[in-house]
Amino acid sequence: MRILVVDDEPQIMQLCVKILSRAGHEVEGVTRGEDALLKLAAGPVDLLVVDYKMPGLSGFEVIRRARNFQPAMRVIMITGHGTREVVGEALGGGLNGVLVKPFTPDELIQTIDAASSPAQEIS
Amino acid sequence: MDKTDGSVRVRQVIDRIDKMPSLPSVAVRILEVVQDSKSAARDLAEVISRDQGCTVKVLKLVNSAYYSFPYKITTVSHAVALLGFDCIRSLSLGLSIFALLQTKSEDHPLDREKLWEHSIGCAVWSGLIGGKVPQVNPEEAFVAGLLHDIGKVLFNEYFKRKMAEALRASEINGTPLIVAETRLLGIDHAGAGEIWAERWNLPPLIRRAIGYHHEPLGLARAEDENIRKIVGIVHVADQMTEAAKIGSAGETPLPALSPRLWELLQVTEETCWGLAPQVAAEVQRTRELFRLSEEGQPAVAGEPAGAADSTGRFQPVLQRVSTLAEWGADQEVLLREILRESAGVLNGAAALFMSVGDASLRCVASEEVPTSLHLTARRFFAQGSGRAGDEPAGPWFPLGEGDHLIGLLWVFRPEPLTQTEREFVQGVRRELLRVVKKMEESGQSRWRAQVLGQLLEDSAAMTLLTGLEELYPTLVGRGKEIARADAVTLWLVQDDRIVPVAAEGLPAAKLPRLSALPEESWAGWVLTSREPFLVESLQSARPGAERDLFRWLGYEGHLLLPLEGAGKPLGVLALHSLTSHQWAGSEVALLSTFAAHAAVAIDNALLHKSLLDQMEELRRAQAQLVQSTKLAALGELSATIAHEVNNPLTSVVGYTDLLLKSTPPDDPSYETLKVIEAEALRTREIVRELLDYARQHERSVKAVDINDTLRSVLSFTGHRLVMSNVEVRERYTHELPPLSLDPHQMKQVFVNLINNALDAMPDGGVITVGTFFVPGADRDWIEATIQDTGTGISPEHRRRIFEPFFTTKEEGRGTGLGLSVSLGIVQNHGGEILVESAPGKGSVFRVRLPVAPVAAPVG
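Note that the protein sequences, when read in sequence, are chains Z and E. Residues 1 to 123 in our numbering are what the first sequence spells out, letter by letter. Residues 1001 to 1859 in our numbering are what the second sequence spells out, letter by letter.
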C-alpha cells in the first residue's frame, strides 16, 4: 500500500515510516498537516496514518479536507489516551482504526492490516 | 405622824433597798441592749438565749393564747422577729426580775404564794386589757402588772413585823394598806418599789407602774401618754384581780373606779370585767411558767420533798418535766434536768441511753452509772425492734415508736417502785420519748446536712465520670449508701422501652425491660408525670409490671425518682426496701436532689459519648476527603506527565522492537535489548494506569445489576483463577435493586480486587464473591464482597493500601496504583471500600455502593 504518516513528533513519524517500510509498504512521512495535504493533493494514497493532536491543522481537519480529493482513502488515527473521545468524534467522521500511544510496532502492523481489509469501519 | 421619825424610817427602807441583791445578770444585759442599734434584735435574742430559765419562760409566754400564732415559736430570735424588740424586751425583763422575787424563807406576813398569784393575775388582766386599749402594747401592760407590787416583796421580806402590823391595821380598821404602810414604815410599797426600780435602772414605764398603780390619775399630764394609759390599766387590773379574789395582795378593793379612767383608756368597765373568765384560765397557765426556777425550788411552795402524799408530789414534777420537754432549748441539759428531777423525787438514779443518727450509743444520767449498764443497754439495742412495744423489764423502760427502738430509760431504786411511782415513770418515759424524737430529728437533720455536703462533692466528681461503664455502677452504689436502701436500680429510656442498666443489692440480670406506658409500668408513670412515685407496701401499690416483679424478688417498699435530662426524661432511679417503708417527705426531697445530680451526670456522659462518636466519624470523613483530594491532585499531575511521556515512550518501544528484530538471539546485545524492551513495556503499563487513574471522573452511568457485573468479571479473570488453583464460590443475593454506575470502571475495580486476592494466594485457596443488601438510616446500600483465604494484610499495611504507589509486592510486580484507582472509582460513585484482614487469616474487601434512583437509561 501507499501510506502517508503524519505526526508532529519526528521520532514517531520516522519510527512509523521505518516499521511500515520494513513491512513492505510504500511509505512517506511528514510532520505538518499542511504538508500532508500537499502530498495528498499530489498523488493517490491508500492509507493515512495521522496523529490526533498536532499544532496547526489537527488530525481531523486533515482527514476532512483530504476526503475531498481522496474519498477512498483509509484513515488510522494515532492518539494519546483519549480513546473514547476520539471514538466518539470518529463515529461521525469515520475512522478505519485507532492506535493508542505508546504502541508497539506489532500493534501498528496489526492495525494497518485490519484497516486495509475491505469495508472495515470502526463502530 | 412624826416626820423625823418618818424620814428616819424611810431612810431605813432606802438603806435596805441599797443592800438588796443587784438585778439578775440577764436583766442587766437586757437593759444594756441598745434599742436603736442595728443589731438590737439580734443582741437581745442572744442575751436572752444565754439564760436557760429566761428563754423557757419567754417562749412559753409567746406561745400562749395571747398571741395565737398558727405555729410554735421555738427560738428567741424567732420571737423577737415576730413580736418585736420592745415586746420581747419587756417580757424577758419582767420575767427575769419576777423570778428573782421568789425568795426562800418562810413566815411571811403576806402569803407569798397568794401575792405571787395576785401579781400574775394582775399581769394577765393588764395584758388582756392592754390588748383592748388602742395604741398600747399588751406585753408592756403585762410586765407592768407583773411587777407592780415588788415593793410588797421588799416589806414582806425585810420589814416583816411592820408589814404584819400594817396588814392587821388595814384588815381591822379598813384603812387602805398604803396608808398603814406609810404610817408604820414612812413610805408605802408603791414608793419603796419605785425607788428600788430606780436603783435597778428599770425603764420609766415600769417605775411609774410600780409607783403610781394606786393613783394613776395622779400622773402629770406631761408624762408620756402611753405610760399614763398603762399605769391606768395596771390600776384597773390590780383592783379587779383583788375583787375577783385571784390570789391576794392584802388590799381591799375600791368600791368604784373613777370614770376618768375609762375616758383615758377608751374601754368600758364592762369590757374589762368581761375578761374575768379568760384571766382565770390564763393565770393557771402562766403560773406554770414560774415553776421553773433555776435554783431548784421545791415544786409546791411550803411542802418539803418526800411527803407522804405520793400522788401529790409526782404530779408537779411531771408537769415540770413536761414543760421542759416541750420548751427546753438545749436538749442535753434538759434531759439531765428531767432525769435529775425524776431521780430526785424517787430517791433513786435514772439514766437514758439513746441511739441517735450515727448509730452510736449516748448516755445522759442523773449521776454516775456503772459501765455494766452501758453493756446491758447495748444488748437491748442489738436485740432491736420488738422490744419497744413490750412491757418494761425491771428497771428498763424502752422508748420506741412501733417497732423502732429509739431509747432506753433506766430507773433504779433499792426498794421496788410502787404502782404510783411506776405510773410516774411511764409519764416521764412519754416525755423523754418526745425529747428523744426531737433529738433524732435534729440528729437526722445533721445527718442530712452531712449527706448533702457529701452529695455536693460527689456530684462534682460524678459529672467528671464520663465513661458510662463507670458511671452507672457508681450511681447505684452511691444511691444505696445515701438512701440506706436495701437495693437500688437504674433504668434508662431506649426507644419506647425502659431498660435496666445497673443495679446494686439485687441481680441486674433478673430485671426485664419495661414498657414506657404509664398504665403498664410504674417507671412509665414516673416518666410521664415527672414526679417521684412512692410505694409503701406492695399490697396498696398501683398495678404495674414492677408490682409482680418485686413481689417475686421480695421487695416491699419502693421509691421511684425521675431522671430529667436537658429537656427530656432520661430514665428512672429506683430505691427498694425489703420491708414496707413510709417514705418521709424530707427523705424524698433529699433523694430527689441526688437523682437530679445523677441525671446531669448521665446526660453529660451520653453527650460526651455522642461527641466522641461524631468526632470519630468526622475524622474518617476527613481522612477520606484528604485522600480523595490527594488522589485528585495526583491524578491531574499524572495525566499531564503521562501524556508527555507517551511520545518518547512510543519511540523507545518502537525502536527497541526494530532493533530486536534485526539482532540475532545469540548476539550478546540481544539479552540487553530484551531487558530494555521489557522495561519500556512496563513503563507503558505504568503510564496507562496513571492515565486511568486520572480519568476517573469521566464515566458513563448506566443502571446495572451488580451480580451481572461480578459474573462478567469472573469470566474475564476465569483463566487466571483456574491456573492458580483457586476455587471460586459465588454467593449472590438475588433481586437486588439496580445500581447506577459505570460498568467499565466498576469492572476495573473488581478485576483489581480479584487480582489482588489471587496474588495473596500463590498456592491456591478460595475466593468467595458475594452481594448483599444493607439497609441504612437515610439510604440503603449494596455490598459486593471479595473474600480470600490468602496471606492477609498486617494492621500497619492495612492503613496504607489505598495510597497511590503503595505496594507490598516485589519489584517488578504491580504498580501500587490498583487499589487507589479502585477506591477513587468507588468514591466517585458515592460509595466506599472497607477492608477486614489479619495476617494468616485472609482478607475481605467490601465494596459498598449506594442505591439511588436510576437516572441513566438502561442499556
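It is possible that part of the hints are untrue.
What the hints assert, rightly or not - Computed beta-carbon distance windows for the label pairs:
#, chain 1, residue 1, chain 2, residue 2, range
1, E, 1850, Z, 68, 36 to 46 angstroms
2, E, 1630, Z, 56, 31 to 41 angstroms
3, E, 1834, Z, 26, 35 to 45 angstroms
4, E, 1663, Z, 26, 46 to 56 angstroms
5, E, 1808, Z, 58, 38 to 48 angstroms
6, Z, 22, E, 1674, 18 to 28 angstroms
7, E, 1800, Z, 2, 27 to 37 angstroms
8, E, 1685, Z, 58, 46 to 56 angstroms
9, Z, 56, E, 1659, 28 to 38 angstroms
10, E, 1728, Z, 58, 45 to 55 angstroms
11, Z, 2, E, 1674, 27 to 37 angstroms
12, E, 1800, Z, 26, 51 to 61 angstroms
As the list claims (entries may be wrong) - Okay, derived cross-link-like pairs now, DSS-like style, lysine-lysine, Cα gap no bigger than 30 angstroms in a straight line:
#, chain 1, residue 1, chain 2, residue 2
13, E, 1480, E, 1609
14, E, 1674, E, 1661
15, E, 1072, E, 1160
16, Z, 18, E, 1674
17, E, 1630, E, 1674
18, Z, 18, E, 1630
Hints are computed from structural coordinates only; laboratory data are not their basis. Predicted model, so just to flag it, every value in this text is computed and none were measured. Ideal placement from N, C-alpha and C gives every residue a C-beta, glycine not left out.
query = Is the gap between the beta carbons of residue 56/Z and residue 1659/E within 28 to 38 angstroms?
reply = 32 angstroms, holds
query = Is 38 to 48 angstroms a correct range for the gap between the Cβ atoms of residue 1808/E and residue 58/Z?
reply = 44 angstroms, holds
ask   = Would you say the C-beta atoms of residue 1630/E and residue 56/Z sit inside 31 to 41 angstroms of each other?
value = Given about 38 angstroms between the Cβ atoms, the range holds.
inquiry  = Just to be sure I understand the hint, the distance between the Cβ atoms of residue 1685/E and residue 58/Z should be within 46 to 56 angstroms; is that true here?
reply    = 28 angstroms, violated
ask   = Given the proposed pairing of residue 1072/E with residue 1160/E, does the C-alpha separation stay at or below 30 angstroms?
value = Given that 30 angstroms is the threshold and the Cα spacing comes to 43 angstroms, the pair is violated.
request  = Measure nothing beyond the straight line between the CA atoms of residue 1630/E and residue 1674/E; if it is 30 angstroms or shorter, mark the hint as holding.
outcome  = At roughly 36 angstroms apart (the allowed maximum being 30 angstroms), residue 1674/E and residue 1630/E break the hint.
inquiry  = Just to be sure I understand the hint, the distance between the Cβ atoms of residue 1663/E and residue 26/Z should be within 46 to 56 angstroms; is that true here?
reply    = 26 angstroms, violated
Residue 1850/E versus residue 68/Z beta-carbon gap, inside 36 to 46 angstroms or not = Because 52 angstroms falls outside the window, the suggested range is violated.
ask   = Within a Cα-Cα threshold of 30 angstroms, do residue 1674/E and residue 1661/E meet the stated pairing?
value = Judged against 30 angstroms, a Cα distance of about 11 angstroms means the pair holds.
message = Tell me if the straight-line CA distance from residue 18/Z to residue 1630/E falls inside 30 angstroms.
response = 42 angstroms, violated
ask   = In this structure, is the beta-carbon distance linking residue 1728/E and residue 58/Z contained in 45 to 55 angstroms?
value = This hint holds: roughly 48 angstroms between Cβ atoms.
request  = Could you say whether the range 27 to 37 angstroms given as a hint is met by the Cβ separation of residue 1800/E and residue 2/Z?
outcome  = Violated: the Cβ-Cβ distance is about 56 angstroms, outside 27 to 37 angstroms.
Against the hints set out earlier in the document, violations occur for numbers 1, 3, 4, 7, 8, 15, 17, 18.
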